[in-house]
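**Q** Take a look at the letters that make up each chain.
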Amino acid sequence: MPPDPADAAVVAAVADAHRHEWAFVLAATVRVTRDLDLAEECVQDAYAQALRTWVERGVPASPGAWLTTVARRRAVDVLRRDATLRRALPLLLLDEQPGAEPERPDDHIPDDRLRLVFTCCHPALAETSQVALTLRLLCGLTTVEVARAFLVSESTMAARITRAKHKIAAAGIAYRVPPGEELPARVDAVLTVIHLVFTTGHTAPAGADLMRRDLVERALDLARMLAALLPDDPGVLGLLALILLTDARRETRLGADGGLQLLADQDRRQWDQAAIREGAELVRRALRHRPPGRFALMAAIAAVHSVAPTWDDTDWHEVVGLYDVLVQIWPSPVVALNRAVAVGFEQGPEAGLAALEPLTAEPQLAGYGYLAAARADFLRRLGRNVEARHAYEEALLLTENRAEQAFLAGRLSEIAEPNRT
Amino acid sequence: MPQYLILLYEDEQSWAEASDEKSAEILAEHGAFGERHRDALRGGSALQPQATATTIRGWNTGSPTVTDGPFAETKEALGGFYLIEAADLDEALAIARDVPTPFGGVEVRPVRVFD
Numbered sequence: 001m002p003p004d005p006a007d008a009a010v011v012a013a014v015a016d017a018h019r020h021e022w023a024f025v026l027a028a029t030v031r032v033t034r035d036l037d038l039a040e041e042c043v044q045d046a047y048a049q050a051l052r053t054w055v056e057r058g059v060p061a062s063p064g065a066w067l068t069t070v071a072r073r074r075a076v077d078v079l080r081r082d083a084t085l086r087r088a089l090p091l092l093l094l095d096e097q098p099g100a101e102p103e104r105p106d107d108h109i110p111d112d113r114l115r116l117v118f119t120c121c122h123p124a125l126a127e128t129s130q131v132a133l134t135l136r137l138l139c140g141l142t143t144v145e146v147a148r149a150f151l152v153s154e155s156t157m158a159a160r161i162t163r164a165k166h167k168i169a170a171a172g173i174a175y176r177v178p179p180g181e182e183l184p185a186r187v188d189a190v191l192t193v194i195h196l197v198f199t200t201g202h203t204a205p206a207g208a209d210l211m212r213r214d215l216v217e218r219a220l221d222l223a224r225m226l227a228a229l230l231p232d233d234p235g236v237l238g239l240l241a242l243i244l245l246t247d248a249r250r251e252t253r254l255g256a257d258g259g260l261q262l263l264a265d266q267d268r269r270q271w272d273q274a275a276i277r278e279g280a281e282l283v284r285r286a287l288r289h290r291p292p293g294r295f296a297l298m299a300a301i302a303a304v305h306s307v308a309p310t311w312d313d314t315d316w317h318e319v320v321g322l323y324d325v326l327v328q329i330w331p332s333p334v335v336a337l338n339r340a341v342a343v344g345f346e347q348g349p350e351a352g353l354a355a356l357e358p359l360t361a362e363p364q365l366a367g368y369g370y371l372a373a374a375r376a377d378f379l380r381r382l383g384r385n386v387e388a389r390h391a392y393e394e395a396l397l398l399t400e401n402r403a404e405q406a407f408l409a410g411r412l413s414e415i416a417e418p419n420r421t
Numbered sequence: 422m423p424q425y426l427i428l429l430y431e432d433e434q435s436w437a438e439a440s441d442e443k444s445a446e447i448l449a450e451h452g453a454f455g456e457r458h459r460d461a462l463r464g465g466s467a468l469q470p471q472a473t474a475t476t477i478r479g480w481n482t483g484s485p486t487v488t489d490g491p492f493a494e495t496k497e498a499l500g501g502f503y504l505i506e507a508a509d510l511d512e513a514l515a516i517a518r519d520v521p522t523p524f525g526g527v528e529v530r531p532v533r534v535f536d
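Quick mapping for you: the protein sequence lines, in order, are chains C and W. For the record, in the first sequence the residue sitting at position 290 is 290 according to the numbering used here, with numbers rising by one throughout. Basically the numbering used here = 1-based index in the second sequence + 421.
Next up, chain W with everything else stripped away, as it sits in the complex (with noise of 0.2 Å):
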């Protein structure tokens, strides 16, 4: 079955803006999504901000440089992601439509197989 990767990309300020309440649905709409989607959810996590990120660049110069931030700076930054299953994009994009992103969206993307 493959498998695909659904990032949710959200805007940081409204979550450091959202009130404890707003923040308290918003989760609990994050558990009532993998309840109704736990036959599909492989994975899953929010990520701390962008501010706790750290990037390494240069891998095949044998000295990377390791700085502070996200790779890319963005006003809507990647800030959790969910592996799924799905038997083909369209079943896929049917779970990713009802990812609870009040303050952005999601990028579905195929999980990539070696054999």
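So here's chain C without its partners, still in its complex pose (with noise of 0.2 Å):
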């Protein structure tokens, strides 16, 4: 029997609201439980009643109201039952008094998002644990699935949440925005966090698939969410810009054959243009704040590269003077290094390879592919093949991720025979 289209659209509704709603009925069910395990359990049943009650009487005008309400309603419950059991827990502390209000859950139900942003990406975490505390909570990704994006085994990753919760309880980590002294630092967390799950997504660090689609999105839903929260902060346009602009390049930088398409060789038409706009008004909008922030020099390079119709009329003067600022208010050896290649596109692979000299010496780089294919790169196109083919021999071991593989081994063959002619 083929599935009820009735059905059909209840299970798409809830998909939906899983993956826009999450973070809104979790964070408001957090308030109530003040206990981040029991909250996702109520979440969890609210989502599977949905499926449920939603065949029956058609989906609700407010899905997230709908959910919100339920979740907390059986958390309500819970904490009745197990009143004596739950004494021992630690709760999580809120900066407001706990009133009469896990009595009435139905009614104002607060949007408690920032609250569960900051307590995901608190310092007092480590950065791994913060990412993970991310995607589960924030997104509602399974332990399975966050363990797979990085990697790790699921028990890895269990006991990493795990360790982080009971952390949050019972050192004290507030359910609350931090107030207004503290708060540029924290939200410099949280774009850090987001950042990180994005170029986990846009280059996999292993295996076979050069991007990883499902967290792109995962990070561009993030980016949104914060920047509907937080719509004055230049560091969140900026990073929610330096998204949209690089994943517009998503469906080039593949080639017909599977192989990596560089940006010099990608088809610039098939660049999703609606993306590119957005992207470079967030730009201009973030800019306006001085100094600029790292992610809107990020985006604002990305940008020149999204307005250049082919990669020769890329402004390669207006890019290096904006690494020029961003090396100046972010000294990291990664910057260095792409300011370098920018400095090779602009002056020619000599200076380019001059520029990247001084780094090979940085300790940060000694595993760093990007380096080894980048000194390749230029002395490839000065013809110094022999040196070339050792630097594109280093790069290969310094990358898992097969599409950047097959990219460098390709360059390598190119050059494999010394020269005849």
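Careful: at least some of the hints might be erroneous.
As the list claims (entries may be wrong) - Some chain W residues judged to face chain C by a derived CB distance under 7 Å, without partners named:
| # | residue |
| --- | --- |
| 1 | Ala493 |
| 2 | Glu497 |
| 3 | Gly500 |
| 4 | Leu510 |
As the list claims (entries may be wrong) - Sample of chain C residues lacking proximity to chain W, with all beta carbon distances greater than 10 Å (derived):
| # | residue |
| --- | --- |
| 5 | Pro60 |
| 6 | Leu93 |
| 7 | Asp95 |
| 8 | Leu114 |
| 9 | His122 |
| 10 | Ala171 |
| 11 | Ala174 |
| 12 | Thr200 |
| 13 | Ala227 |
| 14 | Leu230 |
| 15 | Gln261 |
| 16 | His317 |
| 17 | Val325 |
| 18 | Glu362 |
| 19 | Arg384 |
| 20 | Glu387 |
Stated by the list, open to error - Chain C is nowhere near these chain W residues, computed Cβ spacing over 12 Å in every case:
| # | residue |
| --- | --- |
| 21 | Gln424 |
| 22 | Glu433 |
| 23 | Gly455 |
| 24 | Arg463 |
| 25 | Gln469 |
| 26 | Ile477 |
| 27 | Asn481 |
| 28 | Thr482 |
| 29 | Ser484 |
| 30 | Pro485 |
| 31 | Gly490 |
| 32 | Phe502 |
| 33 | Leu504 |
| 34 | Pro523 |
| 35 | Val532 |
| 36 | Phe535 |
Simulated from the structure, these hints should not be mistaken for laboratory data. None of the values given here were measured: they were computed from a predicted structure. Beta carbons: idealized from backbone N, C-alpha and C, even for Gly.
Since each chain sits alone in its own frame, please combine them into the complex, following the hints.
**A** See below:
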């Protein structure tokens, strides 16, 4: 028997609510339970109940509010039933007096998503834990899915999440939005986590696929949510712009043969123009703030590429100028590497190679394959094939992403034979 | 109100080599820290160097062994502590950041409550 189309619509509605409302529902439920595990259980129950109830009564006008009400009612029930059992648990600290609110879960549902965001991304948690909690609590991923994203076993990831949740409660990481003076540093920690989710998805650290679309889309969802909650924060605008502008090229990063396509070789007509327009407008807004943040500058660099009709039209002078500012506010060796590459395209491979030279002694870049790959490319352009071959071989050893490996191996084979002409 | 123990870990060699003026200056900073956070402070002390420590292990064996030295020998050794009250971890960290530790750093541990 074919599935009932009405049921299919309900399944789609629940899936959509899972993707877009999970953080809202969970954040509002945590306030009632003051316990992350119990809140997660209640929210999962609410989604399961939605599947059953919505088939009978139709999808409610506001699925998020419906789910929240059900989850919070369930939480109140459990708390009443297990009051003595739960008294021994350390509870999350709220910055306001827990009053009669849990008794009346149906009225006034607060938007507590920011509290949840700042709790997940608290700097007293290890960065890997911050990322795991963000995917689990804000995006609603299962532990198995989070484990797969970061290439660790399910048991390792489960232990990491349990440890982090326990620290939040036991060490007294409060469920609150930090006050004004702490806010910039705390927002930056959140942006770092979302950016890490994005980069992990954009170029998977290992495996057959260049990209992990699911992680890219989660990062985009998170950045959009944050932009809705903190609409005037330049860092948030910058990060959303960066993700949009970078991801606008998603369809062209692999060629017809499945091989990696460099920016220079991509078919720019296939870039997502709507994403580019939105990203470029966000960059303009983000850059109005002084000094510009690192994400706004990275987005501005991505925007320069996005508006160039062809690779040859790229305004490398502008790109290098933006990197000069970026390296000032964010003196990271990786930024310096990207700047050196841009110098190579602005002033020629000789200059690029010279700009890379001081970075070869940088311990942080010792295992970083893009340094060897950049050197290899400049050496190849200069016809210094013996040195180029060594650099390509080094780069090959330093990536476990198969699309990148195939690209580097292809370049290597082009210059494999000594030039006999 | 939750309590937190701030453990001060510092390089004992640097303390030993510090001039009298430098030592007096750091102690004065601890005095000023104590004044600034008088409302949150519940206790605290400086400790003698880890060379004065004695370790006892094997409580459950019935005949514990007593040995000379600290529980774990480290370059940056436990040299003092403050017990504070704070509303949450952020408030505790704000106070902990203010503890003068020129030769090391601090560790913040929530005090466990049994009821």
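**Q** Could you work out which earlier hints the structure fails to respect and list their numbers in ascending sequence?
**A** 1, 2, 3, 6, 7, 9, 10, 11, 21, 35, 36
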